[in-house]
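Asker: Modelling step: build the complete structure from the supplied sequences, incorporating the hints.
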Amino acid sequence: MRSLIVAAAALATGAFSPALAQDAYVVGITAALTGPPASTYAPAVDALRIYIDRVNAAGGINGKKVNLIIQDDSAEPSKAAANAKKLLTQDNVVLLLDASLSSTYAPVVAEAKGAGVPLVFASSVCPKEVYPPANEGQFCTTAFASTYDSRAALAFVKETAKEPVKIGFAAMAIPLSRGEMEFAAKQAPGLGMTALAIEVIPPPTADYTPFATKLKDAGANWVFSWAPWVTQVRTFEALRRLDWKGDYIAWSHLEAEGELKRIKDSRLYVVGANALFEDKLPIQKEIADAAQKAGGKYPPEQMTEGWIAGMVIEAALKGAGWPATPAKIQASMQNLKVDLKGLRGGPIEWTKDNHFRTKQYYRVYKWDGSKVALVKNWFSYDVK
Amino acid sequence: MQLAVNIVVLSAIYALIACGYVLIYRVSRVLNLAHGELMMLGAYLLLATAASFAGNPVAAIAAAVVLSLAVGILVYVFLMRKMTGEMVLAAVLTTVALGTLLRGLMVLIWSAQQQYPGQALGFANPAIALPGGGRISTFAAILVVTTALVYGGLFVFLRFGRWGVRMRAAGQNPLLAAQRGINLHAVYALAWGLSTLTGSMAGMLIALDSGLTSSMTVIGLKAFPAALVGGLDSLVGALVGALIIGAAEVLSIQYIDPLLSDVVPFLVLIAMLIVRPWGLFGTREELDRV
Amino acid sequence: MSRGMPRASGYFRTDYAQDLALTQTRLERASLLAFAVMLAAFPFLATAFYLDLACQVFLAAIGALSLMLLTGYAGQISLGHAGLLAAGAFTAGILFREFNAPFWVTLPAAAAVGALLGIVFGLPSLRLRGLYLAVSTLALHFVVVYLGGEYESKRGYSTGIMIDAPTIGGYAITNGRVWYFVLLVAAAATLLICINLLRSRTGRAWRAIRAHETVAEALGINIAAYKLLAFVISSAMAAVAGALFAYYRHFVSVEAFSLFLSIQYVAMIIVGGMGSLLGALLGAVFVTLFPYLIEAALQQLPNAQSYAGVLFAVNYAAFGVVMILFLLFEPLGLVGIWHRVQHYFLLWPFKHRPVAGAGK
Chain A
1 MRSLIVAAAA LATGAFSPAL AQDAYVVGIT AALTGPPAST YAPAVDALRI YIDRVNAAGG
61 INGKKVNLII QDDSAEPSKA AANAKKLLTQ DNVVLLLDAS LSSTYAPVVA EAKGAGVPLV
121 FASSVCPKEV YPPANEGQFC TTAFASTYDS RAALAFVKET AKEPVKIGFA AMAIPLSRGE
181 MEFAAKQAPG LGMTALAIEV IPPPTADYTP FATKLKDAGA NWVFSWAPWV TQVRTFEALR
241 RLDWKGDYIA WSHLEAEGEL KRIKDSRLYV VGANALFEDK LPIQKEIADA AQKAGGKYPP
301 EQMTEGWIAG MVIEAALKGA GWPATPAKIQ ASMQNLKVDL KGLRGGPIEW TKDNHFRTKQ
361 YYRVYKWDGS KVALVKNWFS YDVK
Chain B
1 MQLAVNIVVL SAIYALIACG YVLIYRVSRV LNLAHGELMM LGAYLLLATA ASFAGNPVAA
61 IAAAVVLSLA VGILVYVFLM RKMTGEMVLA AVLTTVALGT LLRGLMVLIW SAQQQYPGQA
121 LGFANPAIAL PGGGRISTFA AILVVTTALV YGGLFVFLRF GRWGVRMRAA GQNPLLAAQR
181 GINLHAVYAL AWGLSTLTGS MAGMLIALDS GLTSSMTVIG LKAFPAALVG GLDSLVGALV
241 GALIIGAAEV LSIQYIDPLL SDVVPFLVLI AMLIVRPWGL FGTREELDRV
Chain C
1 MSRGMPRASG YFRTDYAQDL ALTQTRLERA SLLAFAVMLA AFPFLATAFY LDLACQVFLA
61 AIGALSLMLL TGYAGQISLG HAGLLAAGAF TAGILFREFN APFWVTLPAA AAVGALLGIV
121 FGLPSLRLRG LYLAVSTLAL HFVVVYLGGE YESKRGYSTG IMIDAPTIGG YAITNGRVWY
181 FVLLVAAAAT LLICINLLRS RTGRAWRAIR AHETVAEALG INIAAYKLLA FVISSAMAAV
241 AGALFAYYRH FVSVEAFSLF LSIQYVAMII VGGMGSLLGA LLGAVFVTLF PYLIEAALQQ
301 LPNAQSYAGV LFAVNYAAFG VVMILFLLFE PLGLVGIWHR VQHYFLLWPF KHRPVAGAGK
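Same order as they appear, the protein sequences are chains A, B and C.
Sequential numbering from 1 applies to the first sequence in our numbering.
Sequential numbering from 1 applies to the second sequence in our numbering.
Sequential numbering from 1 applies to the third sequence in our numbering.
What you were told as hints is all true, and nothing was included just to trick you.
Pairs of lysine-lysine residues, derived as DSSO-like cross-links and limited to a Cα-Cα distance of at most 30 Å, are as follows:
#	chain 1	residue 1	chain 2	residue 2
1	A	Lys113	A	Lys318
2	C	Lys351	B	Lys82
3	A	Lys158	A	Lys366
4	A	Lys128	A	Lys158
5	C	Lys154	A	Lys128
6	A	Lys166	C	Lys154
7	A	Lys186	C	Lys154
8	A	Lys384	C	Lys154
9	C	Lys154	A	Lys113
Here's a subset of chain B near chain A, in silico, CB distances under 8 Å, partners left out:
#	residue
10	Val107
11	Gln113
12	Ile206
13	Thr213
14	Met216
Think of the hints as simulated: they come from the structure by calculation, not from any bench.
Even glycine gets a Cβ: it sits at the ideal position worked out from N, Cα and C.
Answerer: Below, the structure is given as structure tokens:
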């Protein structure tokens, strides 16, 4: 109770004294650290925190520390809006990050735009606004991207399949996933595949078998799913329980590497833009060491996404110089190239009208009977 | 055939959860809206015991079952007992508050990550081919059998068991029951314990079958129309209600629109409330008692 | 239920005009005025973040007042309040997106949709009571949210429907201070409507229904009509609050109207104190600010940043605990505490009220 009173007092005195300009780069992030979809975002934010701590320990950027302020929105849009408002008006952040469900975008974008602060989507799906011609204030470092991902997955299916492909789709009942699966279903016939029904599955479902039964009964020999990991993997497992013998391709979310090892099925493919830790790159070892030293809560293979966000933010702040204003950071980000040291197929490159990347690279992995193995090495699409 | 199996499995899930609602309502006229959370707590308890009884899955499951029974009794003793004699609404809202508290605590303790108690216990979950072409996973089959056993056991217990008769008496007329020397608090505590136990078993089996995330509570809420459609004070009703809701959900996935599966239970519920609010097997007087 | 005690130390009213007046004593008028001045001065002193908090409180207050009318006075339990807010927000969003309708069209439209839904939500109340009614409103919540989600998906607004700021005579309301006053006026208007409704025949009918339906019917009150009226008025208010929320936040999406929101509104009227408009206001303030209080409390602890990940869970748990504590130990809510404090000062140096009748 006493601490509550102290807190109330702190809250009350804070009401009338705006935060003073700090001697550091103040970066704010609203993230789904808790709530149903947290497993996609929380590890990335943890990785970002560890990365920034490391940067600070090494002397900061341009001689200044980075003050990363993390706010949890538990994937609720109204909470995200309040977070964004607080970060922008109370903490005076010069850069805002969103690592949460797509339903938080609208309010956060509105707040950031109103304050004239650039907004980076990190570990949350890239919205259309960052593709060329990009909205001047929105940027994205996240691996997954609508339309390109489906093209990559379908191209892989076409190349791999030996028989005529009859492909089914599994979406989660959120607009984004549904939209992507509808796009893929429209693309499939053009590649000589028969597109079957799209199963739209509500997020908490007691039993995935009824949905799987429909896919199987439709005669699918391939199934493609681009949805949060839970939906992808539970649909797959339900299909296997029904003795379905087909091939399944899913998006390679943070959990993918661990899950491939758990499931051990050689016909479950994951397509993604990040290199898995099976590659044992020097940078991955660096991530693992840093995570261990900082006492990270999540396995290192889930930290790639947040690490990449950290590298990009470091580069953006370095380019903006000191003292940094939102406008300077935005200008710096509009002309940015970050070498990701093998974590992805190529660099993140932002230009005036492309805030996504100029080339999007993909890889496909699967379990090959003894380990997670590369099936198809980097292939890319030009982003126009 | 597979369609029938799917209906049976989903109905069994709902039935096993729904009997928890009925047990408590029948005895104390309280609707336990924290049932979904208590069910998830059961699943997490299994995860915890799996870690401490490594290599001994039977002991882990037994410990989790006993713990969940204890949780139910403790909830009554420390919380719901204080609400006896209060407005029914206050009691229901207390369960809502309890649910909120539990959800927060569970995320604090076990995080929101996906967990696999089946893996922790070293269980595989192979599918079984049924005669007639259907297939069912091992744990789904166990769940169906468990539901049958639980309902059978409850029928016998309530019909012939000394405490079962007491529970029925307390439900019918608490005042007279108390005058006959029945310890109402013990009866209520027992109802809470049994309800949490059956709910937890459902939670554990679902988690063993397909993994455990913090969104499981919603499944508990979806089972609740089953209890109401059948009649909140009838165990047979819960069974039939679960079958109706399960069938409606699976059939709408198969033949209409998979998206509907989320609202269909509630649409059936609304229809039922309009036509026959006390449910298929419920007693009509119930309406006036609340 | 505790009746609001007049703030004069006794009952001194001698004619109806005095009974109808909103304030009784000079001190009451003065303190009301002081409070109004404080409210008017607040936006010029506070930072943008605290302005936002105040706006959230006002929005919550409208919703809580409407729920208080329905549950606290008419005795009809609703667990579907978030569904009504969603309906209002979506009405505004859809009309804006599809027809580019200005706010003076969308707000009344939201109220109309709310009123219509009020009839739908209220129809079960003619047959059902208590729990069963609560359950039917819960079911309707899911239906409304489902329909909203379908609209979002079908029209491709996957990240929510964006709404532009409302404009009056070419001036767009974007400024936080202007919003503060807009929402303050909206909340104050809602409060006045509620006060006057409750002082009228309608309010008395509702209380009679809540106290005892059969007796109320014997008194010649048309139960069905008044129950439906309660639902209609309450739902229309809630829908307007939803529409205002949509304009204030510039967006609408189903995820903003979860079941937890309904629970929060129920919590507001419990924590505030059932059957009291002041309770609804206090509850709205408390429930809205509570998460920020917890956050500020955690900030006091050393190594605060590492708690960010558990903050939501702590909030959830603490929220549950507070609700339980109020239900167990203070059923009259914050307003009960407020009245006890008042009594203490009014009766000082005595401890107990005079025996009924002795004071007149």
